[in-house]
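Given the sequences, and given the hints that come with them, work out the whole structure.
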Amino acid sequence: MRGFRFASLAVTVALGVAGLGVALATAQAPKTGGSLNIMLREDLPQGFALHETATISVAWPAGPCFSNLVLFDPAKKVESVDTIIGELAEKWSWQDNYKNLVFFLRKDVKWHDGKPFSSKDVKFTFDMLREAPEAQAKLRINPRKDWYANVEHVEAADPHTVVFRMKRPQPSLLMMLASGYSPIYAAHIPPAQYRTTCVGTGPFKLKEWRKGEFVDYVKNPDYFVKGRPYLDGLRYVVIVERGTRVAALQAGQLDAAMPGETSKGTMEQLKKAVPQMVFNTVSQSVTDNMIMNVKKPPFDNPKLRLAVSYAIDRRGLIQASHQGGAVLGAAMLPKPYGVWGMPDKDLLALPGYGKADEMKARAKKLLAEVGVTPDKPLKIEMATRAIAIYVDMASFVINELKQVGIDATLKQIETAQWHPMATRGDYQIGANLTGLGTEDPDANFYENYACGSPRNYSQYCSEEIMKLFDRQSQELDPKKRLDQVLAIQKKLEDDAARPILAQRLDYFAYWPHVKGLVPHNNIYNFSRMQDVWRDK
Amino acid sequence: MATRPLGVDEAAALPARPGRPGLGTVLARFCRKKPLGAAGGAIMLLIVLTAIFADQLQTRDPIATDAPHTLARPSETHWLGTDHLGRDIYSRIVHGARISLIVGLASTLLGSVLGGVIGLLSGYVGGKTDLVTQRVMDILQGLPLLVLALVVSAALGPSVENVVIAISIPIIPRAARVIRSSVLSIREMQYVEAARALGLKHLRIAFRHVLPNTIGPFIVLGTAQLGSAILVEAALSFLGVGVPEPYPSWGRMLSVSAAEYAQKAPWLVLFPGIAISLAVFGSNLLGDALRDTLDPRLRGA
Amino acid sequence: MKTYIAQRLGIGLVTLFGMSVVIFLLLRLAPGNIVDILFSTGGYVNPSERAAIERELGLDKPIWAQYLDWIGQMAVGDLGKSYRYDLPAWEIIKPLIPVTLELAALSLVVAVLLGVPTGVISAVRQDTRLDYVLRVFSLAGLSMPSFWLGMVIILGLVSWSGWIPPVTYVRPSENLGLHLIQFILPALAVGYRSSALIMRFTRSSLLEVLREDYVRTGRAKGQTERVVIWHHALKNAILPVVTVIGIEFAFLIGGLVVTEQVFNLPGLARFLVQAISWRDYPIVQNLVMLIAIVVILSNLVVDMLYGILDPRVRYGN
Numbered sequence: 001m002r003g004f005r006f007a008s009l010a011v012t013v014a015l016g017v018a019g020l021g022v023a024l025a026t027a028q029a030p031k032t033g034g035s036l037n038i039m040l041r042e043d044l045p046q047g048f049a050l051h052e053t054a055t056i057s058v059a060w061p062a063g064p065c066f067s068n069l070v071l072f073d074p075a076k077k078v079e080s081v082d083t084i085i086g087e088l089a090e091k092w093s094w095q096d097n098y099k100n101l102v103f104f105l106r107k108d109v110k111w112h113d114g115k116p117f118s119s120k121d122v123k124f125t126f127d128m129l130r131e132a133p134e135a136q137a138k139l140r141i142n143p144r145k146d147w148y149a150n151v152e153h154v155e156a157a158d159p160h161t162v163v164f165r166m167k168r169p170q171p172s173l174l175m176m177l178a179s180g181y182s183p184i185y186a187a188h189i190p191p192a193q194y195r196t197t198c199v200g201t202g203p204f205k206l207k208e209w210r211k212g213e214f215v216d217y218v219k220n221p222d223y224f225v226k227g228r229p230y231l232d233g234l235r236y237v238v239i240v241e242r243g244t245r246v247a248a249l250q251a252g253q254l255d256a257a258m259p260g261e262t263s264k265g266t267m268e269q270l271k272k273a274v275p276q277m278v279f280n281t282v283s284q285s286v287t288d289n290m291i292m293n294v295k296k297p298p299f300d301n302p303k304l305r306l307a308v309s310y311a312i313d314r315r316g317l318i319q320a321s322h323q324g325g326a327v328l329g330a331a332m333l334p335k336p337y338g339v340w341g342m343p344d345k346d347l348l349a350l351p352g353y354g355k356a357d358e359m360k361a362r363a364k365k366l367l368a369e370v371g372v373t374p375d376k377p378l379k380i381e382m383a384t385r386a387i388a389i390y391v392d393m394a395s396f397v398i399n400e401l402k403q404v405g406i407d408a409t410l411k412q413i414e415t416a417q418w419h420p421m422a423t424r425g426d427y428q429i430g431a432n433l434t435g436l437g438t439e440d441p442d443a444n445f446y447e448n449y450a451c452g453s454p455r456n457y458s459q460y461c462s463e464e465i466m467k468l469f470d471r472q473s474q475e476l477d478p479k480k481r482l483d484q485v486l487a488i489q490k491k492l493e494d495d496a497a498r499p500i501l502a503q504r505l506d507y508f509a510y511w512p513h514v515k516g517l518v519p520h521n522n523i524y525n526f527s528r529m530q531d532v533w534r535d536k
Numbered sequence: 001m002a003t004r005p006l007g008v009d010e011a012a013a014l015p016a017r018p019g020r021p022g023l024g025t026v027l028a029r030f031c032r033k034k035p036l037g038a039a040g041g042a043i044m045l046l047i048v049l050t051a052i053f054a055d056q057l058q059t060r061d062p063i064a065t066d067a068p069h070t071l072a073r074p075s076e077t078h079w080l081g082t083d084h085l086g087r088d089i090y091s092r093i094v095h096g097a098r099i100s101l102i103v104g105l106a107s108t109l110l111g112s113v114l115g116g117v118i119g120l121l122s123g124y125v126g127g128k129t130d131l132v133t134q135r136v137m138d139i140l141q142g143l144p145l146l147v148l149a150l151v152v153s154a155a156l157g158p159s160v161e162n163v164v165i166a167i168s169i170p171i172i173p174r175a176a177r178v179i180r181s182s183v184l185s186i187r188e189m190q191y192v193e194a195a196r197a198l199g200l201k202h203l204r205i206a207f208r209h210v211l212p213n214t215i216g217p218f219i220v221l222g223t224a225q226l227g228s229a230i231l232v233e234a235a236l237s238f239l240g241v242g243v244p245e246p247y248p249s250w251g252r253m254l255s256v257s258a259a260e261y262a263q264k265a266p267w268l269v270l271f272p273g274i275a276i277s278l279a280v281f282g283s284n285l286l287g288d289a290l291r292d293t294l295d296p297r298l299r300g301a
Numbered sequence: 001m002k003t004y005i006a007q008r009l010g011i012g013l014v015t016l017f018g019m020s021v022v023i024f025l026l027l028r029l030a031p032g033n034i035v036d037i038l039f040s041t042g043g044y045v046n047p048s049e050r051a052a053i054e055r056e057l058g059l060d061k062p063i064w065a066q067y068l069d070w071i072g073q074m075a076v077g078d079l080g081k082s083y084r085y086d087l088p089a090w091e092i093i094k095p096l097i098p099v100t101l102e103l104a105a106l107s108l109v110v111a112v113l114l115g116v117p118t119g120v121i122s123a124v125r126q127d128t129r130l131d132y133v134l135r136v137f138s139l140a141g142l143s144m145p146s147f148w149l150g151m152v153i154i155l156g157l158v159s160w161s162g163w164i165p166p167v168t169y170v171r172p173s174e175n176l177g178l179h180l181i182q183f184i185l186p187a188l189a190v191g192y193r194s195s196a197l198i199m200r201f202t203r204s205s206l207l208e209v210l211r212e213d214y215v216r217t218g219r220a221k222g223q224t225e226r227v228v229i230w231h232h233a234l235k236n237a238i239l240p241v242v243t244v245i246g247i248e249f250a251f252l253i254g255g256l257v258v259t260e261q262v263f264n265l266p267g268l269a270r271f272l273v274q275a276i277s278w279r280d281y282p283i284v285q286n287l288v289m290l291i292a293i294v295v296i297l298s299n300l301v302v303d304m305l306y307g308i309l310d311p312r313v314r315y316g317n
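Residue numbers (our numbering), protein chains in the order written: chain A, 1 to 536; chain B, 1 to 301; chain C, 1 to 317.
These are computed hints drawn from the structure, not numbers from a lab.
All values reported here derive from a predicted model rather than from experimental measurement.
A few of these clues could be false.
Here are the simulated lysine-lysine pairs, PhoX-like style, with alpha carbons at most 25 Å apart [what the hints assert, rightly or not]:
| # | chain 1 | residue 1 | chain 2 | residue 2 |
| --- | --- | --- | --- | --- |
| 1 | C | K81 | A | K207 |
| 2 | A | K467 | A | K99 |
| 3 | A | K271 | B | K128 |
| 4 | A | K207 | C | K2 |
| 5 | A | K138 | C | K61 |
| 6 | A | K99 | A | K335 |
Some, not all, of what chain C presents toward chain B, calculated at C-beta under 10 Å [said to hold, decoys possible]:
| # | residue |
| --- | --- |
| 7 | I5 |
| 8 | L272 |
| 9 | A292 |
Sample of chain C residues with no beta-carbon within 12 Å of chain A, all distances over it, derived [to be verified]:
| # | residue |
| --- | --- |
| 10 | Y4 |
| 11 | V21 |
| 12 | K61 |
| 13 | L87 |
| 14 | R211 |
| 15 | L300 |
| 16 | D303 |
Backbone N, C-alpha and C fix where the C-beta goes; we use that ideal spot for every residue, glycine too.
Spelled out as structure tokens, the structure:
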């Protein structure tokens, strides 16, 4: 009897384990078919013209249509040069000490209209982007021209080989090319056409763009990765009203959110209503920062700028404006979100990152040195965009400054005038948000802090810092480069031209039947959707 | 509606206004006959007092943020809870009364007075001037209130003054129309004709005889438009083109941020909405009752 | 009658012309233009690129030249191209019209169905408790911001039942049932407000008529109350109600602006708001003119109905 019992137990256990194994195996294997409804917070501003915009409202819905040369691995949350995989490029290699970058392209790729892809398209795209003299087309608006400032020549040696020849070594070029903002345009399509429709090589073909309503994609049967994409279709639904967006996600009419749209408060609400909803805590690669015009009084005085930086309690801001949905960080993403982050002990030593009352005391001392006292407060005007997230941040900062003797009034600037005003330097101090297309110091430093850069709104210009920028850009030893970048970050905060207030987090939400979608620590770089599938 | 011809002496001796009973008696009679109107008046009085004494009534600085206490439930320290920045909702609603009332009253007054003057002159002078003025009024009236206010607001930029101007512009033609029709009917009255026959100057007639009799319709129009003005200001602020920060506006309290946290903190959405509804409700009740009392002819208008 | 219509249409044309100038100037008064917005989506500004785009869109021409261009184009039926979408304006506006029209019509139906009966009851039972209750109820509708009502409805629905009406516009051809469900809530939100006005007018005009001599005569003759009301009173009270319905139709569009946004319906009111913030001159100008034409026509129709229904007005206006 005992033997029988034991045997039956053993059989049961064995069957159970086998069954579990089968269940696990089938549960993990991606299913094909089905489609997803994905959130869009506004209609596409310039259609699918990714090279003419710098907004998530285009990067997110246009992603499925395109392919890059190389891409950040969709499955890896933290982005770095080690997570870069090939898309249109099968293999690549740096030559001549990071002065030439050679790509060997796939041979089986077709554009959505059937024409074959070749190195001609790559040369066309990058000549256009860097506004080369031999460029065959011109972009109406070219926000990332400076990414390719060091590219001397793009050679299409043969139909499946492309060589980027640099003026000087620049290892970061690969990081730029991996960004969601670096797709390949078709050489046979005029760039303006991308504003109304999309012809790419990506996993999904554009089926319909109903203005103001949705964007419909259908599976690309000729996609160059066999067996992908898993989904039959995608629909990006435009919902302008914030409350309605969240309600739609909650009611299941949307399967996934939009990067940057799931704040901590929204997450808590959704979690309560839909306990099975999946949330992913990632950084957005978007910072809250203050821009101070260093060319005009009073912020031409570095002591005053530093005082402002000390006065703003970073942790208080994170609690007040983000309900805790942001983290301390300097110009580059802090660890563990990014690989260039300053270590904690250095971070906490930065102005404004320490204990609130200590920091405010330091601020008051600095202000006293420049003649600002409680009975002689400094009156300034703070500008910000007339959008809730900007205004919230500005309101908090104004309150902080009031406590140290700076009286700021808020001036709200409409979207249409914000960039022109900031570029003209028509302001004293402003509350600003800055997004980064790729997590590389070159992209950040040259765009936001370099002399003469159009997006360097503070007009901060330091020869010394420029030299440091150039040095780290050409540094081939990763460890040495990291040290240099850390030192630069500290210096930038000490010069307080553009103090970083917080690094925003996103709690990207989707229903549990959405699989294979791994949000990255950068809102612009996980929009391809080729590995996403639907479980049920 | 005069029913017998007036003698010359009588016409010249006509007072500008008929004799009135004492204010106290009037109020008492009003409350008895029109309880709804009295209720409306009480509500409006409450709101006006709140607006005037906002600084005294507040429990906290309405623009002070309070990081550790965001989205707090209504409690002893925060009577109506806090918003996502930790600002006290009760204090913001109290100050919002000031903004809503100021913007509502200022724009209504501006629009009604301008419109009234235009209507008065246009109706009295008549002829070509009247025709042209009517066409211009048609142009302003050809657009729904909110649309016109929206475009003007976008054109002028976000500020309290501009919002007042933006909301007053659509009111002008509506006020002009009401006053004008009132003027037209009064103009034909015999005592006015008699006054003219006596050689009284036009302006004198206009202001001494015609104008006072338009006060009734004017008040009625004013209270009706006040409700609309408050609603339009709320809608403009909701859409983001109304009164800017840091002035607390009931409408803006309902926009983006409130909608985002509404399920976690429904008080963010409920209280400002109730405040707006109450203010408009009160002004409508009062306006209805005033209309019934002052000008029965306009009962259907 | 014909001359009357012709006269009104003539006046309407003059009004439209004046309105075109007003809207044209107002728009250009607003700081910033489409080029600024395009650059803001690019996150930077470049003066030479900016000048090039302005030239491309014809924004560098003097204002009067731009105005004449627009009027000239409209005269031949060319509504221009949307600055934002780079497509013909009519192509973009066309699908929006049925949505707004349907919402407006449904709201009006709700308003009449709600307003007329309550107005009648309220008038017949004047000054009773029922009258007061109905008047307060209808006045509440007039006092609530319609966008707030819409927000409360959606948020209440989702937190209570986990369900909201479809957020993507469902065409009647795709699924009639779902389409109606999608429209009924916004129609209720907007219609409730309009019903208040209609209720007040029905009540007050019915009250006036009920006092009239012939009604008293009818009562004296012994006709039942119901006959008296429905036959004589209502027939004559209909007139002002029609007027209000006509006026309300135009005012509705204002309420639709926020309602379409909250319920995510792709109508032209919501689109107008977005186009204004985008400084998409061709779209805004054309939409505003369209709305103005609708308002003028509906006023004309109402006045004509007035003329038909009320013989006193037909001659000698």
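Each hint tested on the structure:
{"no.": "1", "hint": "C/K81 - A/K207", "verdict": "23 Å, holds"}
{"no.": "2", "hint": "A/K467 - A/K99", "verdict": "19 Å, holds"}
{"no.": "3", "hint": "A/K271 - B/K128", "verdict": "68 Å, violated"}
{"no.": "4", "hint": "A/K207 - C/K2", "verdict": "51 Å, violated"}
{"no.": "5", "hint": "A/K138 - C/K61", "verdict": "24 Å, holds"}
{"no.": "6", "hint": "A/K99 - A/K335", "verdict": "30 Å, violated"}
{"no.": "7", "hint": "I5", "verdict": "17 Å, violated"}
{"no.": "8", "hint": "L272", "verdict": "7 Å, holds"}
{"no.": "9", "hint": "A292", "verdict": "4 Å, holds"}
{"no.": "10", "hint": "Y4", "verdict": "40 Å, holds"}
{"no.": "11", "hint": "V21", "verdict": "23 Å, holds"}
{"no.": "12", "hint": "K61", "verdict": "19 Å, holds"}
{"no.": "13", "hint": "L87", "verdict": "6 Å, violated"}
{"no.": "14", "hint": "R211", "verdict": "48 Å, holds"}
{"no.": "15", "hint": "L300", "verdict": "31 Å, holds"}
{"no.": "16", "hint": "D303", "verdict": "35 Å, holds"}
Taken one by one, the earlier hints fail for this structure at numbers 3, 4, 6, 7 and 13, listed in ascending order.
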